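Q: Below are the chains, spelled out letter by letter.
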Amino acid sequence: MTFTIDYLALAPELVIVGTLLVVFTLDMVLTRPKKFWIATAAVAGTALAAIPLVILGVQGETRSMFDGSYVVDEFALVLKGLFIVAAYLVLLMSHHYIESERYYQGEYYFLLLASVLGSLVMASSRDLIILFIGLELTTAPLFLLTGWRKGDAKSNEASLKYFILGVLSTAILLYGMSFLYGLTGEITFSGLAEATAGRGDEPAMVMAILFVIVGFGFKIAAVPFHFWAPDTYEGAPTPITAYLSVNSKIAGFVALLLMLYIALPGVSEVWAPALWILAALSMTVGNLSALRQTNIVRLLAYSSVAQAGFMLVPFAAAAVVGADLEEAFAATVVYLAIYAVMNLGAFAVVIAGARKTRSGELSAWAGLAQVDSRLGVLVAVFFFSLAGIPPLAGWFAKFAMFRSVMIAGGTTTVVLAVIAAVNAVIALYYYAKVVKTVWVDDPTGEFVEDVEAAPAVSLRLALWVSLALTVAIGFFPALVTFVGDASRVIAVGG
Amino acid sequence: MVEGILFVLMAVTALAGAVTVVVARNPVYSAMGLLGTLFSVAVLYVAQLAHFVAAVQVIVYAGAVMTLFLFVIMFIGVDTSDDRDERLPMQRFWVGILAGVIVLLAAGITLSGNFDWVPAAVETIPEATNGTIQAIAEPLFTDWVLAFEATALLLTISAAGAIALAHFKGQRT
Amino acid sequence: MSWPEFWIVVLRVILTFGLLLVVTILNVWAERKILAKMQSRIGPSRAGPYGILQTLADGMKLFFKESITPRKVELGMYVLAPFLAVIPAFLIFMMVPWGRPFMIGDHEVTLQGADLNVGLLFILAMSSMAVYAVILAGWSSGSTYPLIGGVRATAQAISYEAAMGLAMVAVVMFSATQGDGGTLSLAEIVERQSGTWGDLSPALQPVLQFVPRWNVFPQIVAFVIFFIAIVAETNRAPFDLVEAEQEIVGGFHTEYSGIRFAMFFLAEYINIFSMSAIAATLFLGGWNGPTFDGVLPGFVSAVLPTIYFLAKTYFLVFLFFWLRATLPRLRYDQLMQLGWKRLIPGALGWLIVSTLVISFRQFGPPWS
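Chains as they are written, first to last, in this note's numbering: chain A, 1 to 494; chain B, 1001 to 1173; chain C, 2001 to 2368.
None of these hints come from the bench; they were simulated from the model.
Please read these numbers as outputs of a predicted model, since none were measured by experiment.
Heads up, the beta-carbon is just placed ideally off N, CA and C, and yes, glycines get one too.
There could be a bad hint or two in this list.
As the list claims (entries may be wrong) - Quick look at which bits of chain B chain C covers, simulated, 3 or more residues with Cβ under 8 Å:
{"hint": "1", "region": "1016-1030"}
{"hint": "2", "region": "1154-1166"}
Said to hold, decoys possible - DSS-like mimics (lysine-lysine), calculated; alpha carbons at most 30 Å apart, straight line:
{"hint": "3", "chain 1": "C", "residue 1": "2061", "chain 2": "C", "residue 2": "2033"}
{"hint": "4", "chain 1": "A", "residue 1": "150", "chain 2": "A", "residue 2": "35"}
{"hint": "5", "chain 1": "C", "residue 1": "2341", "chain 2": "A", "residue 2": "34"}
{"hint": "6", "chain 1": "A", "residue 1": "433", "chain 2": "A", "residue 2": "154"}
{"hint": "7", "chain 1": "C", "residue 1": "2061", "chain 2": "A", "residue 2": "35"}
{"hint": "8", "chain 1": "C", "residue 1": "2341", "chain 2": "A", "residue 2": "150"}
{"hint": "9", "chain 1": "C", "residue 1": "2065", "chain 2": "C", "residue 2": "2033"}
{"hint": "10", "chain 1": "A", "residue 1": "161", "chain 2": "A", "residue 2": "150"}
{"hint": "11", "chain 1": "C", "residue 1": "2061", "chain 2": "C", "residue 2": "2037"}
What the hints assert, rightly or not - Partner residues aside, some chain B positions facing chain A, computed with beta carbon under 10 Å:
{"hint": "12", "residue": "1064"}
{"hint": "13", "residue": "1110"}
{"hint": "14", "residue": "1112"}
{"hint": "15", "residue": "1143"}
{"hint": "16", "residue": "1144"}
{"hint": "17", "residue": "1145"}
{"hint": "18", "residue": "1147"}
{"hint": "19", "residue": "1149"}
{"hint": "20", "residue": "1150"}
{"hint": "21", "residue": "1151"}
This is chain A alone, in the form it adopts within the complex (with noise of 0.2 Å):
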């Protein structure tokens, strides 16, 4: 038998996995004073890993691999390149945040790159062993790095919390699959849409699809699964908290969508209506918890949760009244990748403002503006584009959500449609309030100010990335209006 791996198909994984390699023998080499090494194999790696993302990109042409499970397609291109570009920030924004405080460097870059190969393992998954393998490498390492400031109970508590739900949610989930499994003998994504069309009204298939939507409703901290969450934010190394908000959850969304929309369209009755409930309680609930919030972390935790409810609401839209799917899919893409660069931004400035606060609750920051305008405006920045005002890229992520609410059209959806904008309001008011916090509250304590308070160039490399992406975005929304197209060339495979 003749088998054969198209190595260029695959180059971006392999690239992260010989990262991680030189990651692991350096971490053995080197000794304490020269650990920077560690970072910088890890930042290179990371970018080299984009060069045959590019490559695959500009030839452009579909590739499948091991039996139609393993697809590079534009779709898995594109997420592929959104998780590289958000774990390329959240290396830059932990080089100093771990070197510092003295964790272990050599460890942290490993798990953290075998999260991110996980995720790009899981953009291209088109079954549902491969998916889950990618999903869990993504998770697995995270239970551990959450845990990293292990001195700090709330770090311990963090780790306990998201282990014990993430192991629970895991279980839910695989349940479910199994489920499917048993129920139509399939595991690849196209047999499973032909196995399940029409079969909705089995009580043994609704189970199933709710099990994989429970389980993957964990992941993305959607509610009412997202008790671990603030939590977890707030305990976990903020790089970390960054990444758990943003690729992690990124990826709970792309293997939702990939099985809803590839692999259960023809049973979109039932998990139709579950998503809009987990939409609108996932805005509701989110928006009004983080409202209450004093801690800047566990705010944006709570912000991470609303956002996740924002972008369940095109697929729940068009799902329940029946539309077409692709036009939701693209929106949701588009969101995703809009909400990575600012959401990443926002944790860049809570790690850069720290340092000088040397906390994370919202009083200490008052006036913080005052000492150092140019973190002022970074905060105004990203905390306005989450909340989605323009010219700022967040505008455009709400617009395209909006857009596709439009096309869809029913009432279901405009039902859900006023939900969201109520709580677009309700959200700004938040946003605006640390905002304001920032800008023009006088200071109530004293702030750090000597050489080591300054952002380091890696942190400081990363808040300008973000920073140039969400203006450009806000902008020129063009510039991720292709990320949408893209998706819509997404290969069913094998």
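Use these hints to put chains B and C onto chain A, whose structure you have.
A: Just chains B and C now, kept in the frame of chain A:
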């Protein structure tokens, strides 16, 4: 016929073991219950001619994982009076209700009969030249090599990360 | 399955079982006698000629003694543990082919309890099961010394099982080159070791034609690692920390007496024999040897392989006894160091080397 008897027997021991895991007061008995379940399932694999899976199940789960469980339980030294107070009032009652509802739901779905399982596609499994190992090895290293390697990485990161976390000697604040 | 086949299976199992019991009883006596010789003592000499019936007498005594059940034991596990020790010990030996297959009428009788295509994995599985007996006995006794013994046993078994498995992998991979594809069936592995290395190299043919085709010659490193690992697996000196008398009295079976103690005792000696038998099967060609078919009477030719098998196994069993008489017991940290820092890396390294050599021979150099 023989297979049917074997299935009933092993299903009963597997379930009994699973119930023991939950009910037993002493964690060692819970661990042994789990061992019984794993072993019964291994026997079921043998009945399905999946010798390789059965052997691996016993080596990995029953042999390595459960031994580690017992090891940990013994090292920690379980005080039987530990954790007997239930902080949530009526905890048992509500859990019982929930369990009952789930069992009823499952029974309802099963009895409704409004679904069909796909029967095992025996005829699609290629006749193995020499037992089941070759039949597993070939797809594992061709079509599923990516999933296989990714799983290997998954296990490696768990080990590496767990050691890094356990080995960390920081000041507890 | 027809009735003759059924009776043949029953016969096979009974034969294997009987052989194991007889051999084990002899083993206990042999150990005492050999140790005595090495320590300039006489050893058992009263019961039967040269005291050969001593074990039987001991067994009878233990059988009729009271099985004391201490008050603080966890009764269920305490009673279960001895059985868990004996059952895997018997099952392991069921996999070992101990003689050449012969024909009764037109039915083939293989002298082996059962020939599974996952035979080696089954052995690994059962040897990992044996740990439970020790750990449960230690824990359920409700006493400190047995508990320490049990915990030591677990750590030791886990550590050395890895090295044992890796050594097995190396030999299985090598064995795969000796026939058509890889196999984990012990009968098949034995078959592949028949003959000599004569065809390996024409130049050395005069010498090599007298060297049997045993796996031990190409896989000597794996053999050494495997042997050390099985000594540790069976908790024998110098790895007998599990029952180090000076530190923890009798270890895990301190609180056992009567027939329950006898079962642990039995299991230990069965394990020594069956592990040696596996080593002989994997590395020393099992029952292979010159049988002089046609020269000697057919009956002798049929029995000779079993004798070769027993001779090879007893050679290894003798090594066990020799080690016990010679080497002092390791410290706990030395035990772990040896396991994790010497044997496992060694076995991995050997696995890589042997894989490279095998693939080089199979597929030629990578640049070709």
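Q: Does residue 1147 (chain B) pass the interface hint, meaning its C-beta sits closer than 10 Å to a C-beta of chain A?
A: Check passed: Cβ of residue 1147 (chain B) comes within 5 Å of chain A, closer than 10 Å.
Q: Have a go at the residue 1150 (chain B) hint: is there a Cβ in chain A nearer than 10 Å to its own Cβ?
A: 5 Å, holds
Q: Does the interface hint hold: is residue 1110 (chain B) within less than 10 Å of chain A, judged Cβ to Cβ?
A: Residue 1110 (chain B) check passes; min Cβ-Cβ to chain A is 8 Å, inside 10 Å.
Q: Regarding the pair residue 2061 (chain C) and residue 2033 (chain C), is the alpha-carbon distance no greater than 30 Å?
A: 20 Å, holds
Q: Using the nearest Cβ pair, does residue 1151 (chain B) come within less than 10 Å of chain A?
A: 6 Å, holds
Q: Are the Cα atoms of residue 161 (chain A) and residue 150 (chain A) separated by 30 Å or less?
A: The hint holds at about 14 Å.
Q: Could you grab the alpha-carbon distance between residue 2061 (chain C) and residue 2037 (chain C) and see if it respects the 30 Å cut-off?
A: Holds - the C-alpha atoms of residue 2037 (chain C) and residue 2061 (chain C) are around 25 Å apart, at most 30 Å.
Q: Taking 8 Å as the C-beta cutoff, is the stated coverage of the region 1154-1166 of chain B by chain C satisfied by three or more residues?
A: This one is violated; 0 residues, fewer than the three required, reach chain C with a Cβ under 8 Å.
Q: Holds or violated: are the alpha carbons of residue 433 (chain A) and residue 154 (chain A) at most 30 Å from each other?
A: Measuring from Cα to Cα gives roughly 26 Å; hence the hint holds.
Q: Using Cβ atoms only, decide whether residue 1145 (chain B) comes closer than 10 Å to chain A, and label the hint accordingly.
A: 8 Å, holds
Q: Less than 10 Å between beta-carbons is the criterion; does residue 1064 (chain B) satisfy it with respect to chain A?
A: Constraint on residue 1064 (chain B) not satisfied, violated at 19 Å.
Q: Hint residue 1149 (chain B) vs chain A: min CB-CB distance below 10 Å?
A: 9 Å, holds
In this structure, the hints that do not hold are numbers 2, 7, 12, in rising order.
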